[in-house]
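There are 2 protein chains.
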Amino acid sequence: MEQLEYQEGRTELAEFGEFPLIERLTDGFTPCNKSTVKGVGDDCAVIGTGDKLTLVTGDMLVEGVNFDMMYTPLLHLGYKAVAIGISDIAAMNGTPRQVLLNIAVSNRYSVEALEELYAGVRLCCQRYDVDLVGGDLATSRAGMVISVTVVGEADANRITYRSGAKLHDLICVSGDLGSAYSGLLVLEREKVTYKANPDFKPDLDGYDYVLERYLKPEPRMDIVQFLREKDIVPTSMIDVSDGLASELLHICHQSQCGCEVYEERLPIDYQTSRVCSEMSSNMLPVSNALNGGEDYELLFTIGQQDYEKIRDSQEVHIIGHITEKGSPAVMVTPQNTTIELRAQGWQQNG
Amino acid sequence: MEQLEYQEGRTELAEFGEFPLIERLTDGFTPCNKSTVKGVGDDCAVIGTGDKLTLVTGDMLVEGVNFDMMYTPLLHLGYKAVAIGISDIAAMNGTPRQVLLNIAVSNRYSVEALEELYAGVRLCCQRYDVDLVGGDLATSRAGMVISVTVVGEADANRITYRSGAKLHDLICVSGDLGSAYSGLLVLEREKVTYKANPDFKPDLDGYDYVLERYLKPEPRMDIVQFLREKDIVPTSMIDVSDGLASELLHICHQSQCGCEVYEERLPIDYQTSRVCSEMSSNMLPVSNALNGGEDYELLFTIGQQDYEKIRDSQEVHIIGHITEKGSPAVMVTPQNTTIELRAQGWQQNG
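Line by line, the protein sequences give chains V and D. If you're matching positions, the first sequence starts at 1 in this note's numbering and goes up one per residue. If you're matching positions, the second sequence starts at 351 in this note's numbering and goes up one per residue.
No lab work stands behind these hints: they were computed from the structure. Just so it is clear, CB atoms sit at the ideal spot from N, CA and C, and this is done for glycine as well. Among the hints, erroneous ones may be present.
[Said to hold, decoys possible] Incomplete in silico selection of chain D near chain V, CB under 8 Å: (1) V412; (2) Y468; (3) V495.
If we strip away everything but chain V, and leave its shape as in the complex, we get (with noise of 0.2 Å):
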């Protein structure tokens, strides 16, 4: 019988980012087909030969660590999966069109939670026209795991990759930053009141922004409907699951340039500062809009020359510049300080 915990030379997984881990365990993987456009290393990979390619998504999401059952309602987290790999087919400026969905589940659930559960993967594949095509169901010791895959098509002169930003590019984001972090800082909260006076009945009034933008995120198809519009092709593009300094520090990485964002211009909506404030006098609305995460809003760069067609727009919020190669990824703020940014660690995003 063999025993497969390694005693001598561990390394503890905790010692590497999530990323760095990757990349160590991808290395060496050398793609042999051609239909392989790309491999590991952006929102999805790239497959096919013609004019059209297709573009292949994976996610997982575990109990306990990605979701808490004491306060995700099954609908919302059947919306969620597959809206996540939605989302990462949008940041490849591609259109979605089939999911699949693998689901391990102990017995603590019954077929009517799995139908709950259900629901909500039919909700967001009928919002955003994707066909549910095919799954596992497993068995689970303990809680419930999701792994979803979202397939979907592009144009192959309109795909968009992490590694195409240039020198003076703008920097640009949808939506607003943070508030998803925020609706879990709420829901928390009232989980941890919950538990020590279980009469408590939780008053989630005003918080309704934030707890949406957490519980059900919308990945920003209506952006990529907007860029084709617009005919603007970003030069690069991601989705924001990690928080905006960690999806900077993917671009500039990829893209081997620096960038300077400015803090003033960062989107937080109101509630998102009105729950920092709550929450602790040190915790500042500009930290959970770097390093949150969940927001599933697009960060992506464009030409100089496409600034006239983006400028008016309500949704799409210019944020800074790219910097050259050697330069490093910095937040600049109202005092004129520049602040490096760093991504952060494998605890917090799994």
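For this one, chain V is given, so just place chain D on it according to the hints.
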């Protein structure tokens, strides 16, 4: 705070089999994209519009349910995760091209352990010319969960569904049946002995074939190649992951037909028979073949006109034929008794 375990009208998962449950959950999902050629209900989804179509399949492996870390080397586990996805592509008569892996792990695993798992993934990718193109790494609170998505391609006129079997077609199966489950039985037996006495050194000599069948299955891409060389397009096909009985019932259900297979024709390896006789005088090798599962052989039907092309193959066995609509799926014993086939339930194969 919503509590999400429903009390009223609760239906236990155990009341359903896996497949009826999937049918119930996905009922009413109607494809809306013209690129969705085949949705839920076969070994793969089929996507695309031209002569070359894309195949996509998803599988999930859960620690403690689908594999036991006590006797599953991580190298083998990584290999097997990819292999079972490739087997689904083979079952559609297609060619595998890309794989995405989503893995959830707890900090019980080290970086070196994950590297071992990925080394197995790499071996299988190299063996079958498949490119690793993406995936997610998530944190798990308990055991490891692996979700694998394999993408393949097939000529539209060669794709083989479960639904095309016709009256009088010959039923064929590759390799042998029941050996993987026999390997699992040996491993479970040694585990019990080891747990009772940790000084015990398990003796696995003489079980090499059944152990390899369980721990490191090979998808039958050689059979897909053989069919191509012989210019045979099966009328229906499925891979044997849940046991011959379950797969025959899938084909009969979806092709709206019955079937008759002959017990003495079922290919069973001598190691499989030996394990059965060691385990119990009541354990019949034919039970392992019918219900054991995880063989990852190909079960397919061909028209009578292709009989000559296949009769001399050492790797393909003709085990019976398709009977008319409304007939049951049966096995005929050497004593000429007819036994109706039943699928195993949820518990056995998760």
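Could you tell me which of the numbered hints above are not met by this structure, giving the numbers in increasing order?
none
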